Each structure stands twice: as C-alpha cells, then as structure tokens.
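Student: Residue strings, one per chain:
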Amino acid sequence: MGSSFKGFDLFGSGAHRFVVGKQGRRLLSLATVSGLVTDSGTLEFGDRETRVEVRGGLVAASESALWVLRDAIVAQGVSTVDSGVLEDQYGHQWSTMKLLSFEPQGAVVHGRTVSLGYVAWFGVLLSG
Amino acid sequence: MMIVLRPDEVRFGNSVWEKVARVTVDRLSSQTIDEWDDLGAHVVFVDVGRQRAVIRVTQEIDGDDFGGPIPGDLEELSFVGSAGSDARRVKVTTDAVVESVLNKVSDYGSTRVITLIAVSSDGSVDPITVS
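In order, the protein sequence lines correspond to chains A and B.
Each residue of the first sequence is one higher than the one before, starting from 1 at the first, in our numbering.
Each residue of the second sequence is one higher than the one before, starting from 1001 at the first, in our numbering.
Chain B on its own, in the form it takes in the complex (with noise of 0.2 Å):
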C-alpha cells in the first residue's frame, strides 16, 4: 500500500492533473485460494491468484470544470512524492484505467476522486513502478 499527500506532480498521459492533495495505492484480491485438509479446522495454505492495484487520485476542484479523464481511458500515469528534500524524491510510474470519476461537492469544497486500475505489461511483471 502506498499514500502520497499533496505529490508534486501527477500527470496522466500528456495531461496534468492539478491540485492533487493525495494519490493512494491499494492492493487487493480478486481472487482468494485458501485450502484445509483433514487434521483440522484451521485454514493451511493460503495464497492469492489474481490481484489488482487500484489508485485513487483525490484532486481539489475550485470552479467549474468541464474535463477529466472517461472510465476505460488507458494512459501512463506517474506521481512524484518527496518527503521534504531532493534527495528523497520518490517517483511512481504505471499504466493504468480509468475505473471510475467520482466529484464531491459541498459548501466547503469540491474534489474529484479518480480511481485507476493499474496494469501489468504481462501478467507477471508487478504494474507499479517505484523509482
């Protein structure tokens, strides 16, 4: 899992997403194998065949606003963190889909909640790059 507040840049194809206040990474199960045998009640193997990284872009909305990405778009997206200094800068980088773009408007604020599922170049190779 991974949480990166207020990144310095995030962009998504040639775009660049303004104003985000965090990016997270989530992992996840699709798909669960636990197994028991006979000697007992309690599980004994257990291990995960079909996973997915999902990412969620929290983006501060002032006005109005006509863009943003469609569910289904494909893009590279890459976020920078640094943890104070330089020397700690963290860049993330993976291709991902748009899942799903959710706005939340309220008399205190709007923000936009995008959520990309991350993809792997063969199924084997782990989507999210960490530099």
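So that you can see chain A by itself, here it is in the shape it has in the complex (with noise of 0.2 Å):
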C-alpha cells in the first residue's frame, strides 16, 4: 500500500517516513501572556493542531521529470488548496489535513538517478 494526499500519490517516487507532531493540550505560562514574569501558573488554550511531517526522497530519471514530482506536491501548498486525506503506507488516515510547507534538503543528486530530498509539512487549521 502506498501513502497518498488527496488520492494523490505525491510521494511514491521513492523512500519516505511519516512522523507525527506533538499532540495534547496546547499550554501558555500565565507570565508569558501577562508579561510579567513573577506570574505562576500555566493556562490552557484548547488542543494542539494535528501536524504531520513527510520526509524522504523525490526520486526521477531526469531533471525535467524530477521538477514534475515537485511541483505536484507544491501544487498542494497553494493557499487556496482545499485539505484532504493524508494517508500513509499503513493506511493511517488524518481528514481535513493541508500542506503547509514543502522544503527541499539540499540540492539535486545526480546519480545513477536523479533525486532530491525533502520535508513536507501537513497540518489542520481552524479554516479547515
């Protein structure tokens, strides 16, 4: 099985990891919002937004078919991209999730192929 977005296959050019964000409540020192500091206390504000990082490597047989593999993904990152689906290889779903940022690691391998490593970040926000 492989990850998708959207029912897109963004990722499956080659290898990639999910990790998930820090979950929970979201937490504010008292000092932090008062500004002073001789505040006690911590307040709570609701839960932590779901984030989801996808890190790997976009993997092609050439430079043009390698800027086709990222500009799919960016695509997504426009701001007027609805969420969808973020599925990954285990069929683990996240619902109304958006790319927030899609970052490259570095330059362009050119190897016996031509790849490139990323980060992409997918998160929910409160405009869904």
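Incorrect hints may appear among the rest.
Sample of chain A residues lacking proximity to chain B, with all beta carbon distances greater than 10 Å (derived) [unchecked claim]:
| id | residue |
| --- | --- |
| 1 | Gly14 |
| 2 | Gly21 |
| 3 | Leu28 |
| 4 | Glu44 |
| 5 | Gly57 |
| 6 | Val59 |
| 7 | Ser64 |
| 8 | Trp67 |
| 9 | Val78 |
| 10 | Ser79 |
| 11 | Thr80 |
| 12 | Gln89 |
| 13 | Lys98 |
| 14 | Val109 |
| 15 | Gly128 |
On the chain B side, residues computed to face chain A include the following (Cβ under 7 Å) [claimed, not checked]:
| id | residue |
| --- | --- |
| 16 | Ile1033 |
| 17 | Glu1035 |
| 18 | Asp1038 |
| 19 | Leu1039 |
| 20 | Val1044 |
| 21 | Asp1047 |
| 22 | Val1048 |
| 23 | Gly1049 |
| 24 | Tyr1108 |
Quick caveat, the hints were computed from the structure, so don't treat them as lab data.
Only a predicted model underlies this, so the values are computations on that prediction, with no experimental measurement involved.
The C-beta atom is built at its ideal place from N, Cα and C for all residues, glycine as well.
Hey, can you piece these two chains together into the complex? The hints should help.
Tutor: Okay, structure coming up:
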C-alpha cells in the first residue's frame, strides 16, 4: 500500500517516512500572557493542531521529470487549495489536512538517478 | 576498478614516468544516498551522488631523485597496459590532479606512490577513457 494525499501519490517515487508531531493540550505560561515574570501558573487553550511531517526523497530519471514530481507537491501547498485526507503506507488516515510547506533538503543529486531529499509538513488548520 | 601491472608507458603531461611497477584505479563514493521507508528495517534506495576515481602510480626508485610531480599539478595522465601481446594493448587516458606524492624507503628498495584524482570535463562524463 502506498501513501497518498487527497488520493494523489505525491511521495511514491522514493522512500519516505511519516512522523506525527506533538499532540495534547495547548499550554501557555501565565507569565508569557501577562508579561510579568512573577506570575505563576499555566493556562490551557484547547488542543494542539495535528501536525504530520513526511520526510523522504523524490526519485526521477531526469531533471525535468523530477520537476514534475516536486511541482505536483508544491501545487497542493497553495493557499487556495482545499484540505483532504493524508494517508500513510499502512493506511492510517488524517482528515482535513493541508500541505503547509514543502522544503527541499539540499541540492538535487545527480547519480544513477536524479533525486532530491525533502520535508513536507501537513497540518489541520482552523480554516478547515 | 582497474589494475595494470608493469605498464608499457606512463605519461603525465610531457613527463614520462619510468619504472612504474603498477597503476591502480579505484572508484570511490564521496556522497552516498541511502533511504529507508516506514515499511521495514532495510534500506530501499541507494545512489551515489558524488564519486571520484583515484589513481595510484607506484614507481620503483633506484637512486637519488630530485624530481617528481607536485600536489595540485593538473595534466593528462596516460598509461598503456598489454596482456602479453600488441593486439591486447589498452590505453587509459584521463585528466588528473596530483593529490599526494609519498616516498617509501627501505633496505630492500625504494618506491614512490603518486596519488591522483581524475577530473571530468563537465561532471557527467566519466573522466577515465579506455581505448
């Protein structure tokens, strides 16, 4: 089973791994809110938004083919694009996820293949 | 990888290197890409993004010697190997930069090992030509 976002196989050209971010209550110290370091205590403001990091490598046979792969991912990170279901290689799903950012890791590698490491961050936003 | 024992001729630019016992060419990765995915413990992708061809020329030194190449020198290196007959002569050519020159002296003889790095014309072409 391959991973997908909104049904698109964005990361299947190469190996990739899913990392789920911190979960739980969203906490803030009272001193931070009030600006007084002498204030003690911690406030809670609902729950943390879900964050999922996908880290891997895009692999293609040519430079132009690699651009097709990265453009397909970046197109999902545009602010006007709707959220959707993110699914990992085991079939676990996160709903109403948006691609928040896509960051290449270093230069394109020209070896037997043309490849590029990346980190893509997905998350749930209040906007849905 | 390549090993040529007792090559017929070794040239570095205009210089002829005499009494060469052997020339070796090693291919080494300078950047290995290896990737794992979530499905298991084993690596699923390996590629070499940067590599270098390292040439070692071993010369026998009989007496005093005040010459030799200097690290950083760039010239065309060529050597000819033959497997016992002219029909099987193989010439190897490459542009190469001298990385180091090491002399090894003992009671049984002296050798000089010249290590060179082959240089590609544009990065995508194999710097070693065999003809």
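Student: Where does the structure disagree with the numbered hints, that is, which hint numbers, in rising order?
Tutor: Result: hints 1, 5, 6, 12, 14, 24 break, sorted rising.
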